[in-house]
Amino acid sequence: MTIKQPLFILFLVLNFLLIGVGCPFKTPDSDLNLKAKEAAEALHFDAGDTFVIQRTVFGFGGLAEAFAGEETKQEVTLEQIIPGNSVTLSWKTVFPQKKEDGSFENKTKTGRLTSSTLEKGTHLFLPAFWQEGDQTLEDQTLIWLSKKQYEELLQTGKTHISLGLLDEKITSVLRLTDALQNAWNALQQKAGEVSKNQDVTEVTSSNYFTETEKFQTLMVNGVLINVRVIQASNWFASYVILANPENPLVLKVTPNPLSSGSFNPHAPLDILSASLGYEIREIHTKK
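Numbering (the UniProt record's numbering), first residue to last: 1 to 287.
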């Protein structure tokens with residue numbers, strides 16, 4: 001036996017002890033990846049579960065003046081959900097309304113939404129567009145990707161998400177201030193111009209084809225956890241999607257600044273586009 005042979009045998013023994021037979025050595029990062037993946041896939045929603053949605057301005061909270069001074073926090077309760085098929089939810093928004101004497105009082109808005117297109121739908125229905133009363137939607141998947149969209153994103157890194165920016169039905173219900181109505185017209189004009197050179201509904205994912213994991217911190221039943229997500233984007237916004245085949249919930253939509261390369265708080269177009277964004281901050285499940 002040469003001198004090199006004992007060293008080689010020692011290496012084999014150590015390798016066996018550290019790695020094991022057919023079992024790769026787990027690094028802290030791989031353990032974190034596994035926990036976040038398991039946490040995302042473990043989220044199953046049932047009737048009675050609730051979400052807290054905050055409309056956002058590039059991650060810095062709601063912009064009250066964007067929609068006639070209304071508070072932009074929405075509480076959502078699931079009334080019925082069949083993953084990949086249909087969902088019915090009710091929502092409530094409490095917002096301060098200014099009185100004639102200059103003081104404020106809280107007002108409440110409520111609504112109910114039903115979608116039966118979670119299998120093949122292509123349109124998100126942003127919380128900024130939700131109206132009081134009952135609405136039954138034809139092609140909108142509310143705040144989920146459809147099963148088809150999620151599978152396309154995983155398999156090809158691309159799918160199509162329409163936000164209704166060119167939909168006249170949405171324009172008719174927004175009730176914008178004059179300044180923001182002009183901004184909405186400019187936003188539609190911008191979308192129309194972009195659509196001449198590219199598909200404005202196409203989104204691409206930056207992490208579908210690699211082992212790089214992406215995480216989002218989420219409050220679930222009062223506990224902050226990391227969940228695995230898929231990040232995607234297009235000309236208008238970036239999207240953070242829960243990596244859960246049964247419940248591909250769109251956790252966050254962050255519009256891009258459209259007037260220039262960075263957000264301009266004095267530009268009505270940027271204010272309006274930013275107010276269309278949202279983030280799901282909390283989830284409470286009954287199980």
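A few of these clues could be false.
[Said to hold, decoys possible] DSS-like, lysine-lysine: derived pairs with alpha carbons at most 30 Å apart:
| # | residue 1 | residue 2 |
| --- | --- | --- |
| 1 | K158 | K107 |
| 2 | K37 | K190 |
| 3 | K35 | K190 |
| 4 | K107 | K120 |
| 5 | K286 | K158 |
[To be verified] Pair ranges (Cβ atoms, derived):
| # | residue 1 | residue 2 | range |
| --- | --- | --- | --- |
| 6 | H160 | E38 | 44 to 50 Å |
| 7 | S233 | Q135 | 44 to 50 Å |
| 8 | T156 | S103 | 52 to 58 Å |
| 9 | L34 | D139 | 19 to 25 Å |
| 10 | E105 | E202 | 42 to 48 Å |
| 11 | H160 | G48 | 30 to 36 Å |
| 12 | N182 | E105 | 26 to 32 Å |
| 13 | T285 | T136 | 32 to 38 Å |
| 14 | T77 | Q97 | 37 to 43 Å |
| 15 | K158 | T136 | 27 to 33 Å |
| 16 | T77 | E105 | 54 to 60 Å |
Just so you know, these hints were derived from the structure itself, not from any lab.
Glycine included, each C-beta is placed from N, C-alpha and C at the ideal position.
Hints, one by one, checked against the model:
no.: 1; hint: K158 <-> K107; in the structure: violated, 41 Å
no.: 2; hint: K37 <-> K190; in the structure: violated, 38 Å
no.: 3; hint: K35 <-> K190; in the structure: violated, 42 Å
no.: 4; hint: K107 <-> K120; in the structure: violated, 36 Å
no.: 5; hint: K286 <-> K158; in the structure: violated, 34 Å
no.: 6; hint: H160 <-> E38: 44 to 50 Å; in the structure: violated, 30 Å
no.: 7; hint: S233 <-> Q135: 44 to 50 Å; in the structure: violated, 28 Å
no.: 8; hint: T156 <-> S103: 52 to 58 Å; in the structure: holds, 55 Å
no.: 9; hint: L34 <-> D139: 19 to 25 Å; in the structure: violated, 36 Å
no.: 10; hint: E105 <-> E202: 42 to 48 Å; in the structure: holds, 45 Å
no.: 11; hint: H160 <-> G48: 30 to 36 Å; in the structure: holds, 32 Å
no.: 12; hint: N182 <-> E105: 26 to 32 Å; in the structure: holds, 30 Å
no.: 13; hint: T285 <-> T136: 32 to 38 Å; in the structure: violated, 26 Å
no.: 14; hint: T77 <-> Q97: 37 to 43 Å; in the structure: violated, 23 Å
no.: 15; hint: K158 <-> T136: 27 to 33 Å; in the structure: holds, 30 Å
no.: 16; hint: T77 <-> E105: 54 to 60 Å; in the structure: violated, 24 Å
Of the numbered hints listed earlier, those contradicted by the structure are 1, 2, 3, 4, 5, 6, 7, 9, 13, 14 and 16.
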